[in-house]
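Fit chain S to the known structure of chain D by using the hints.
Take a look at the letters that make up each chain.
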Amino acid sequence: MIAVLKQKKIAALAILFALAFPLLIPNNYYLHMMTLSFIWMIAVYGLNLLAGYTGYLSLAHAGFFAIGAYTLAILTVKAGLNFWLAFFLSCVISSFIGFLVGLVALRTKEHFFAIYTLCVGYIIYLVIDKWDSLTGGVRGFIGIPSPANIGPISFQTPVSQYYLVLFFLLLVVFVMYRIVYSLTGRTYIAIRNSEELALTIGISTMKDKLVSFVLSIFFTSLAGALYASFIRFLGPDIGYISVMFDLLIFLLVGGIGTMSGPVVGTLLMTSISQQLQFLQDYRMLIFGPILTLLVIFYPRGVVGGVIHWKTKRTENNRDSRVGKISSHSSNEKQVKEG
Amino acid sequence: MEFFIQQLLNGLTVGSVYSLVALGLTLVYGILHIPNFAHGALYMMGGYVTLTMMSKSGLPYWLAIVISMIVIGTLGVLLERLVFYPLRDAPPLHDKIAAIGILLFLEAFAQFVWGADYQTMPTPYGKVVNLFGLTLTAQRLLIITSTIAIMVLLYFFLKKTFIGATIIAMSQNREGANLVGININKVAMMTFMISGSLAALAASLASPINLVFPGMGHLVILKAFVIIILGGMGSVPGAIIGGYILGFSESLGATYISNDYKDIIAFVILVIILTIKPTGLFVRRGQS
Chain D
1 MIAVLKQKKI AALAILFALA FPLLIPNNYY LHMMTLSFIW MIAVYGLNLL
51 AGYTGYLSLA HAGFFAIGAY TLAILTVKAG LNFWLAFFLS CVISSFIGFL
101 VGLVALRTKE HFFAIYTLCV GYIIYLVIDK WDSLTGGVRG FIGIPSPANI
151 GPISFQTPVS QYYLVLFFLL LVVFVMYRIV YSLTGRTYIA IRNSEELALT
201 IGISTMKDKL VSFVLSIFFT SLAGALYASF IRFLGPDIGY ISVMFDLLIF
251 LLVGGIGTMS GPVVGTLLMT SISQQLQFLQ DYRMLIFGPI LTLLVIFYPR
301 GVVGGVIHWK TKRTENNRDS RVGKISSHSS NEKQVKEG
Chain S
339 MEFFIQQLLN GLTVGSVYSL VALGLTLVYG ILHIPNFAHG ALYMMGGYVT
389 LTMMSKSGLP YWLAIVISMI VIGTLGVLLE RLVFYPLRDA PPLHDKIAAI
439 GILLFLEAFA QFVWGADYQT MPTPYGKVVN LFGLTLTAQR LLIITSTIAI
489 MVLLYFFLKK TFIGATIIAM SQNREGANLV GININKVAMM TFMISGSLAA
539 LAASLASPIN LVFPGMGHLV ILKAFVIIIL GGMGSVPGAI IGGYILGFSE
589 SLGATYISND YKDIIAFVIL VIILTIKPTG LFVRRGQS
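Chains as they are written, first to last, in the working numbering: chain D, 1 to 338; chain S, 339 to 626.
Errors might be hidden in some of the hints.
Here are the simulated DSS-like cross-link-like pairs (lysine-lysine), alpha carbons at most 25 Å apart as the crow flies [what the hints assert, rightly or not]:
id	chain 1	residue 1	chain 2	residue 2
1	D	K109	S	K615
2	S	K600	D	K130
3	S	K524	S	K497
4	D	K109	D	K207
5	D	K6	D	K312
6	D	K6	D	K310
7	D	K8	D	K312
8	D	K207	S	K615
9	D	K310	D	K8
Hints are computed from structural coordinates only; laboratory data are not their basis.
Next up, chain S with everything else stripped away, as it sits in the complex:
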């Protein structure tokens, strides 16, 4: 039983990271209706920026994360301005390919600047904590709690503030939002800022457990896509729930089925979902 709960906790940790990545992806999809394939590269860049801040400038972990969030958020805004904005009227195929181009560039860039080696990120939270008879590292506890904190913050931002409301409005109806005087460009930039910051945060939190390397975003982004299809493209609660579902099924699958094939679980889930319902689960009404 204890072993089982331990696995659930692992799932909670992994699921938290997935949820954060999927949240950024789903926000951008809700606003611009593009699947941002470059999001995984933003995640990867986030990990490297935090690592560099810590190792080169000797900044404390938390400060490094904040800087990384700002840098990657700005990078996201730049992408929106330079790439997705000029493509706003192009067929959907073009957005996807442009995003793939960015992904390739950022990966090569990371390899060029930081090298292809796997790097470890030190963390001040390496201690082992005993909680109700369960052992887990403080880092995992940190991931779980800070993810929940961020989600609550994001919820209040979207529901209770005016700027958050404009984001929701634009994801519901772009033209309508424009008609009532919402500056679409500002909202799009804001969304990319949030999306990039979330990716950077997720990477910085996960890196001490995993490793930092140029290809670290590949699997994460693929799984994030699975999550937002699972939870409904553009749906915020869907991304959170989907992230945890995937986290749990992976950690349980790795234990009880096969550790080698645990990465396949996500894709098998996706294949099954799309086989039964080609438009994904939980599609919001009135949107295709």
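Just chain D, same shape as in the assembly:
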């Protein structure tokens, strides 16, 4: 109980800090970086739902990020739709494409799924790159409008855009929280732990996997649409494998299959990237080994490591005090953490 309260306190503090950030540090550059990392966080949450909780490593998410972004761009610039309608539609369209892909992709498992989605991601990238008339090809897509006003609120200034993105991030975190701690979330974790067992106890795994896949893509394409309206320029590179790897690194450093992992990982890695800017293209010289070492020694990232350490400590405390009952409650805790 105390642990839960403590977690809520930390979450509340984090939200308060995020809300006060533009007032505390009135610097447009940092505000820009923060907004961008919030957008990445949303995408990483999408990936986390599928890879972390359902146990299916999709390597196509950068592709769906790009689909979300490009759909918004095409709908607003070429079709001239109202911004928020286009925004909503771009998420729906990407999710629908995701649904079609998922129907086929989810019939495969483990390695096949990873390879299949890797190829799907590459197809998406190639199509964006080659379909000149629709996407602008290598030249990129310029002139995407920033978010339209909602009533009296306008989103032209960096600060207002920051709050808009923050709003969507909090929404996504809230929805993720509700999903993960509901029966649906438990179902996903059951599928991750053993798909055969999940089938045996009466879970319709195909349906649940598909829902998880589509939801995960919905979040990722939402991030893509936000990215398009925030950066206002798109190149085919945002669908490339390197973006996929960035998302993976964010997720793994923070902690795959944890609630706060995406936030921690993205903040940590984007700020380290800032420090390592002089390395530019060579930053993977450091990030690549980090990724590998992390998987070997801390497979559940920073957050996973902290949780592990805490569980061990409380278990030791409890063992010395209560003894018998502890095994039951620690089991329960493990279930909660997934």
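Positioned in the frame of chain D, the structure of chain S alone reads:
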């Protein structure tokens, strides 16, 4: 008709390179059951090592290839020892991510050492040869013949030698192989050695036709994955046949459908296969 046969020959060349890469990938998959995403990076490193040997040390083409095969083979063994061995009991997700980490590192490393520019590899086999009324460069002929030679060698190694038999045994049943006294670690290292050498050879043979650059392994590795799914994960003949199938369909597709989208053909084939049969074609019996 002549044009058509010319395209078939092109397909044979491309298919040879694909087969060599896919062979290394499928051997490792057969032994360790990990899709080695870093294999494309080994391919890329192989190209650069050969190029450096030729340009910096002035070694002849063939000697450079042999050195490159040894270097990349050793690199493969190092990867097995340092990364995949510690992860042997981890969930499959971790192997994949670790391999991706290696891939990122090696690519950045190549860019750091050799720069991001596209480089050409000189070859002593640049002459144009006339064969039965067909024109092709000696390099292409070399690719086709040496690939076949290597495949025959590999076949005899796997089927006729004791060490080769241990590799087959381990891919059939890991525990069983261990029970009859096969040193699993040695076999795994050996397999990575062969796999790395094959990648280096493929890159060195293909580079004079294509170019050498840090991202040269991307498409090749993706296609190699398509091939081993096509031919059955872990199956050696499957990798060879799959490589040639893909080579032919690409060169014909590029001519008769669209040159722009020729790289998509491989992935479309994959999507179709996995749609019909989610476990891939030619899955060996008794293995999932």
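Results of checking the hints against the structure:
The suggested pairing of D/K109 with S/K615 holds, with an alpha-carbon distance near 12 Å, which does not exceed 25 Å. Note on S/K600 and D/K130: the hinted pairing holds, with a Cα-Cα distance of about 11 Å set against a maximum of 25 Å. A C-alpha spacing of about 18 Å is found between S/K524 and S/K497, which places the hinted pair at or below 25 Å, so the restraint holds. Distance check on the hinted pair: D/K109 and D/K207 sit about 15 Å apart at the alpha-carbon level, within 25 Å; holds.
Straight-line distance between C-alpha atoms of D/K6 and D/K312 comes to about 17 Å, which keeps the hinted pair within the 25 Å bound. Distance check on the hinted pair: D/K6 and D/K310 sit about 12 Å apart at the alpha-carbon level, within 25 Å; holds. Restraint check for D/K8 and D/K312: the C-alpha separation of about 21 Å stays at or below 25 Å, so the hint holds. With a C-alpha separation of about 19 Å, the suggested pair D/K207 and S/K615 falls inside the 25 Å cut-off, and the hint holds.
A distance of roughly 16 Å separates the Cα atoms of D/K310 and D/K8; the hinted pair therefore holds under the 25 Å criterion.
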